[in-house]
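Participant: The lines below spell out each chain.
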Amino acid sequence: MINQLKEVFSTLKVHKDGSNQLDSDYKWFATDKEEIIGIRNDELTSKDVSLLTTFLTPYNVKFPTPTQAERNWRKIIYSTDLGEKDWKPSHPFRFVYFSFNKNQIEPLLFKDAIEGLFDKQVPILWENEHEGFIIEQQMMEEESISYEQIIDILMSDLYVKITFFVGPYKKDMEDLTLYYHSLTNIAKRIFHYTTKSVLTYVEAIPFLLTKQTDEDLRLDISKTILQEYIHDEETIHMMDTFFQCNLNLSETAKVLHLHRNSLQYRLDRFFEKTGIDIRQFQDAMTVSLALLARK
Amino acid sequence: MAELKLVNVKKVYDNKVVSVEDFNLEIRDKEFLVLVGPSGCGKSTTLRMIAGLEEISSGDLFIGDKRVNDVPPKDRNIAMVFQNYALYPHMDVYNNMAFGLKLRKFKKDEIKKRVDNAAKILGLENLLNRKPKALSGGQRQRVALGRAIVRDAEVFLMDEPLSNLDAKLRVQMRAEIQKLHSRLQTTTIYVTHDQTEAMTMATRLVVMKDGIIQQVGAPKEVYDEPDNVFVGGFIGSPAMNFLNGKLVGNHFVMDDVKLLVPDGRLKVLKERGYDGKDIILGIRPEDINDEQVFLDFSPETKVSASVEVAELMGAEIILYSQVNNQSFVARIDSRFNISAGDTIDLAFDLSKAHFFDKETEQRIK
Ligand SMILES: Nc1ncnc2c1ncn2[C@@H]1O[C@H](COP(=O)(O)OP(=O)(O)OP(=O)(O)O)[C@@H](O)[C@H]1O
Ligand SMILES: [Mg+2]
Numbered sequence: 001m002i003n004q005l006k007e008v009f010s011t012l013k014v015h016k017d018g019s020n021q022l023d024s025d026y027k028w029f030a031t032d033k034e035e036i037i038g039i040r041n042d043e044l045t046s047k048d049v050s051l052l053t054t055f056l057t058p059y060n061v062k063f064p065t066p067t068q069a070e071r072n073w074r075k076i077i078y079s080t081d082l083g084e085k086d087w088k089p090s091h092p093f094r095f096v097y098f099s100f101n102k103n104q105i106e107p108l109l110f111k112d113a114i115e116g117l118f119d120k121q122v123p124i125l126w127e128n129e130h131e132g133f134i135i136e137q138q139m140m141e142e143e144s145i146s147y148e149q150i151i152d153i154l155m156s157d158l159y160v161k162i163t164f165f166v167g168p169y170k171k172d173m174e175d176l177t178l179y180y181h182s183l184t185n186i187a188k189r190i191f192h193y194t195t196k197s198v199l200t201y202v203e204a205i206p207f208l209l210t211k212q213t214d215e216d217l218r219l220d221i222s223k224t225i226l227q228e229y230i231h232d233e234e235t236i237h238m239m240d241t242f243f244q245c246n247l248n249l250s251e252t253a254k255v256l257h258l259h260r261n262s263l264q265y266r267l268d269r270f271f272e273k274t275g276i277d278i279r280q281f282q283d284a285m286t287v288s289l290a291l292l293a294r295k
Numbered sequence: 001m002a003e004l005k006l007v008n009v010k011k012v013y014d015n016k017v018v019s020v021e022d023f024n025l026e027i028r029d030k031e032f033l034v035l036v037g038p039s040g041c042g043k044s045t046t047l048r049m050i051a052g053l054e055e056i057s058s059g060d061l062f063i064g065d066k067r068v069n070d071v072p073p074k075d076r077n078i079a080m081v082f083q084n085y086a087l088y089p090h091m092d093v094y095n096n097m098a099f100g101l102k103l104r105k106f107k108k109d110e111i112k113k114r115v116d117n118a119a120k121i122l123g124l125e126n127l128l129n130r131k132p133k134a135l136s137g138g139q140r141q142r143v144a145l146g147r148a149i150v151r152d153a154e155v156f157l158m159d160e161p162l163s164n165l166d167a168k169l170r171v172q173m174r175a176e177i178q179k180l181h182s183r184l185q186t187t188t189i190y191v192t193h194d195q196t197e198a199m200t201m202a203t204r205l206v207v208m209k210d211g212i213i214q215q216v217g218a219p220k221e222v223y224d225e226p227d228n229v230f231v232g233g234f235i236g237s238p239a240m241n242f243l244n245g246k247l248v249g250n251h252f253v254m255d256d257v258k259l260l261v262p263d264g265r266l267k268v269l270k271e272r273g274y275d276g277k278d279i280i281l282g283i284r285p286e287d288i289n290d291e292q293v294f295l296d297f298s299p300e301t302k303v304s305a306s307v308e309v310a311e312l313m314g315a316e317i318i319l320y321s322q323v324n325n326q327s328f329v330a331r332i333d334s335r336f337n338i339s340a341g342d343t344i345d346l347a348f349d350l351s352k353a354h355f356f357d358k359e360t361e362q363r364i365k
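Chain order of the listed sequences is A and X.
Position 231 (the first sequence) corresponds to 231 in the numbering used here; numbering is contiguous.
Position 94 (the second sequence) corresponds to 94 in the numbering used here; numbering is contiguous.
Quick caveat, the hints were computed from the structure, so don't treat them as lab data.
Some clues are possibly wrong.
[Unchecked claim] Footprint (simulated), chain X over chain A, 3 or more residues, beta carbon under 8 Å: (1) 108–120; (2) 155–167; (3) 252–266.
Virtual Cβ for every residue (Gly too), placed ideally from N, Cα, C.
So here's chain A without its partners, still in its complex pose (with noise of 0.2 Å):
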């Protein structure tokens, strides 16, 4: 097909791997094949472009070319010969969605600074210019790097908002499709919950979980539980942090820095009104849905 198309447009050229950016005077594509090949803009009409992307997948020249990694990836996401799906990476790997605010940094400054991070290429798959996945292959223990940990560093360098959610990990490409829509779903959504900025599957569950139950019943449930505390702040405030902080109670006196016994008092007092006492796993359960429910 390249070769057809070449005998129409003279300048036609395939990009090859390495080359980091692709040049702004060509309009790129892509091919069925995951080849990226581009025509020079002046020689192309409009009517050219809409002809060509009956076929082609038209690619943003803001973005890093795809190596031969990330084109892979992206085959195998989309692909439904099942056959492609054969390949096993060698590690477990997971699915490291990230958004940046728009039209602050380059993609590409994000890519290098990842690697950086990484210390070696890692497979970045762009949603679009602010937003897309990490593929990350789980790595040795003490090598593994927390995002929760890494992220003041990034934004303080990169200088600009970023979030991060972690998917789980996984050992085969089976279902990978459908792995893949899923964390994009989740994470378009669950940021609007939180204000994390880091946040993993596991502890997004709770929060889909609610938002699935009609908002009659969630207002109804919180209102049950947290009585008149719905609208105590601090109290939400300082049960929100003694979860976070796995009910540790010298923990999570020290984030409020508060006096342990205070906050004690503060508990009590809380049972005592609400005969719900959030030292024991099943209460704190009920509470921290009762809070999320509230949101």
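Following the hints, put chain X with the ligands in place on chain A, whose structure we already have.
Facilitator: Just chain X with the ligands now, with coordinates in the frame of chain A:
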């Protein structure tokens, strides 16, 4: 050179939480300004709006003369240091400091010049080839500062940079950051929840609560003249005591306990119409004395109190006691053996005390 100005700045998050409101503040060139307040009061939100990491919902932010609400963070000429002093694990100290500049395609020798300079300032010259794993907490924190210094920015924004360090290191790094500031003279906005840190480091401090500025001033000013009950209680340790009572004639009265109010204070209270009204007395633990001279000198502000707990702190004793069923804390020299259960006489130095409106909790002045 950079001054900053925030005018009516407000932040409402997606979930409708109003996190900062009606924020008006001018930050002077070269100033070391500290934002201080309890957890959740909006300190980080304010800082992140200045950085540009959070959008400003309404109001204006100026850096120098320029309104920067819509200027992306990278063009604001700021450098940030966060609480989390994690570094890039695979990079050595040199590259951790250089990375931000490399991303911005700075020339190699310019990068080297800046990193070497920062390393010298921070005493990191011999650690440049170390990986983060091989650094102590204090060293990592210094690298984090170095990462900001190499930016050559007009403004430093620091969000609780020391709160992950242990107490001893924190005190040490506090001093280092102050030294750094007096050397570089970079306008700095520093966030902490720790009032001691705020008091010791700030040129001026901003006390916040529930997203609203409570008071702005030099540490001593805020300490000596708190605008309201919250500020009085938040700044200073042990905290200011608050006692509920009534102004009757010349006395602050708590049922059968009567304390004579000095003339100056009395005049203000009467002029403001508080005679016969409920008011709050605020007095710092160090303004409650047990020395005989004081007791002799001020018989009309003498209270006989029974000691509940006496904590010996070395040079002083912290006494927990009650008057008229209201708890208070006193801080006295540890000359005597005082123990729980003792009854002692204490003189309240009302010339140093403050009075607050019972309803608004504002200081009456
Ligand atoms: N991304 C967010 N989405 C929604 N609400 C948020 C978000 N970030 C912070 N908040 C809320 O805004 C308020 C102020 O938070 P902020 O983090 O600025 O407080 P802080 O003073 O820095 O507290 P701390 O001392 O705990 O760090 C809190 O009620 C918090 O829950
Ligand atoms: Mg904060």
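Participant: Give a verdict on every hint.
Facilitator: Hint check:
Counting residues of the segment 108–120 of chain A whose C-beta sits closer than 8 Å to any C-beta of chain X gives 7, which meets the bar of three, so the coverage hint holds. As drawn, the segment 155–167 of chain A meets chain X at 7 residues by the rule of a beta-carbon pair under 8 Å; at three or more, the given contact holds. Using a Cβ-Cβ cut-off of 8 Å, 3 residues of the segment 252–266 of chain A lie near chain X, which meets the minimum of three, so the contact claim holds.
Going down the numbered hints, you'll see the structure goes against none, and every one checks out.
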